[in-house]
Amino acid sequence: MYTGSLACFLKCSKRNWEIPVFTVLALAPLFGPAFAGGLGGQITSVFIICIAALGLNVMVGFTGLLHLGIASFFGLGGLFLAILTVPMNPLEIGFLPAVLVSVGITAAIGTLLGSPALRLRGDYLAIVTLGFGEVVRVLFLNLENVTGGTQGLGPVPPPGFGVFVTGIDLGREFVVDSRWFYYLSLVILFSVVLLVRILEKSTLGRAWVAVREEPLAAATIGISVAKVRLSAFTIAAAIAGLAGCLSVASIGTTGDPNAFGFNRSVAILCAVIIGGLGSIPGTLVGVTILFGFDIVVIPWVDAWMQRLQSQVFETNLFALGSWRLALVGIALIVVMRFRPVGLVPSRRFAAELQESQQ
Amino acid sequence: MTSGDVMKVGDASVLSADIPLLSIDRLTVQSGTLPVIDNLELDVAAGSRVAVVGSGRGSRAALLDAICGLRSATSGSVRLDGRRLKQAFSAKTFWGILFTGVLVGLLCAAAAVDIDRLWLAVVKRGLVVEEPFTITTFGKRLRSYFRAELAIDRLAGNWRIVTADGREVLAVRRDLSEARELRNQMQAAVTARRIGPGVIPDITDLVGDANEPQRELLLDESTLDRLAAGKRRIRFRGWSAFTFGLFLGIGMSWTIWQRGRRLPEVAAGAGVARTFRVPRVFPAMTIFENVLVAVEQGVRRKSLSWWQMIDKSYCVSRTEKLIQSAGLSDQSFTFASDLSLYERRCLEIARGLAMDPRILLVDEPADGIATHQQDMLASLLKEVCGRDLTVVLTSASEGSLTEICDYTVNLSSHSV
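If you're matching them up, the sequences are chains A and B in order.
First residue of the first sequence? That's 243 in my numbering, and the numbers climb one at a time after it.
First residue of the second sequence? That's 2 in my numbering, and the numbers climb one at a time after it.
Since the hints were made in silico from the structure, they are not lab data.
There could be a bad hint or two in this list.
[To be verified] Restricting the straight-line Cα-Cα distance to at most 30 Å, the calculated cross-link-like pairs of lysine-lysine (DSS-like) are:
| id | chain 1 | residue 1 | chain 2 | residue 2 |
| --- | --- | --- | --- | --- |
| 1 | A | Lys443 | B | Lys313 |
| 2 | A | Lys469 | B | Lys93 |
| 3 | A | Lys443 | B | Lys322 |
[Stated by the list, open to error] Where chain A lies over chain B, by a calculated footprint (3+ residues, C-beta under 8 Å):
| id | stretch |
| --- | --- |
| 4 | 120 to 130 |
| 5 | 256 to 268 |
| 6 | 281 to 291 |
| 7 | 296 to 304 |
| 8 | 353 to 363 |
Ideal placement from N, C-alpha and C gives every residue a C-beta, glycine not left out.
Please construct the entire structure, taking both the sequences and the accompanying hints into account.
Laid out in structure tokens, this is it:
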């Protein structure tokens, strides 16, 4: 009677955007020699933030819980990877097992933090995650023997360190040519996109949305609200930890722990909101705009303007880099004013916003 | 209001076995200090349809809330099939609470024994003395940290004898074997001091250049006392923090569990479904998804562990059947936010039925919809309610919806 309703339900999104977008991204380095150098590294770091933002989107978008400490999980994932791999420490295990272990530990920490915290309502949960983010940052600064303090822990060997494939040292290739990291992070980003998409369409994903919209009604149909929220929190922590691992491996050190503080968390949250809460392409667009602007465009524009100004005025009057936070703020205000559902809204959020305006 | 009246609804001995499906025993629910339900006793037999009328709207809603766990009763109990709608204390709960306690205890102990110095003593020390990192050496170094034993450390080509946490340097030697020997002597002196007072160590160091050696006492009385006390101090700190954390963790998780015992999902798992006066549908989901999410939860609760896959085609066909019986089949892919009040109510009933409940609580179905819609809703409820499903609905007034019921319970007069 309802012919094809299963099929219709399974492919909820009519437009399959992943294949073309990822094909273009995969082919791009073949045409641009700049990808082997600085540009490739910059785009890689945008990909890595994309992964973390997808994790945050699971929590904020699908489950509707405000999370202000995502960067701390990012930092924790990276720290555990560094602890497990740096030659200073005795463990020195390979890249892949180290990533698996550190993602597992990050997820466990997320569960541990979440199980009491998720019983709190709305704003209180946000405060807990905010506090946790600061605690992690301060711990990073103070446990100097473990984390390396402000210096960070390093040098982290690149993936494939000591692995030779047909006479090519993979570890060395990763350091010399940034296209290796570009492809590694692209593949991981693609897998995370698929994972999040599958989760969104799964039983768990529907339970997340149900809990987000009507926690009371969700409880009366037998959804265990606390457990469903906890699962979202854990998955968010794990994905952010994975992104942290990649980031640390690509930079080669955990760096200054202050980079994992509140500012980074809020920037990722802003990217998710600008792109559209609960929307996977929206998250990627939001991060590409905010962080792509910050990491890729501004240095390029500044270099160009510096050349121009030094030719015309013989002095450097204006640098866009010092205005970037103001520009981001203005962009946020404009988007929220004219497109409150985000740039690429999900169908669900559009429907929910309509409901709340009625 | 007379209290303590017993109301038997439906002839329990005819319709089911000897125990009624739902039995409410001296239930009192207070809103602030005002009792909205006072000492209510009510038995409902399986398969009957009951209308709850009378008293205020708040009282009727409070009754349904108390049954399905949205509101906790001040006193009295609600039983379904003779069982309290409360999570039982199982072995899983016990181990869970104990595990949390131990975990929090370990975290507290880690903070108390100074994890940073522990790391230095256990991980970094192995690197300076070039010991391989195995379970044995790891255990050895961990033990020596907690026993506050002296250790050897290297700095700029010199071997230093340091306290376990690396905070204090006691002597410096060029040669490793020499350093090892001195460390063993010093350790023996510290251990002797720990066992009994009065042992004066004979450990000296050569200070000055080779021509004019000058002997200096390495371990004076006060240093020795301090080192001997180190073991006790670190153990005391570790154990007391662990005990504190253990009780904290057990107390916290016990409280959390206790609070979660009477949640709506527990009642739902036992077979209580309810709808709301202002329908609480999931607006950003289609009708299909609204019902599907409940079907899946029902299937999962009944038969599956968390890692087992759900039979998707069964869920989909069951969802379609439910939507059809609720009369919403021609719009199953519209968002619930686009529905009218009547449609929302139908959807909520379909969603409630999705998890195959024993009893369906319908809150004010007649509220705010037209008379012909009330008739349609009444026929829908009559259709779904059968041998295995009991319906309890509340209503402000008599109408077609109360007419389909076998019994009417009046809350204000405590009568059937």
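A quick look at each hint next to the structure:
1. A:Lys443 / B:Lys313: OK: Lys443 (chain A) and Lys313 (chain B) at ~12 Å, within 30 Å.
2. A:Lys469 / B:Lys93: holds, 15 Å
3. A:Lys443 / B:Lys322: holds, 21 Å
4. 120 to 130: That given contact holds, which follows from 6 residues of the stretch 120 to 130 of chain B lying within Cβ reach (below 8 Å) of chain A.
5. 256 to 268: Held - the stretch 256 to 268 of chain B has 7 residues with a Cβ nearer than 8 Å to chain A, which meets the minimum of three.
6. 281 to 291: Result for this restraint: holds, n = 8.
7. 296 to 304: Our answer is that it holds, as 5 residues pass the Cβ test (under 8 Å) against chain A, meeting three.
8. 353 to 363: Satisfied; 3 residues make the cut.
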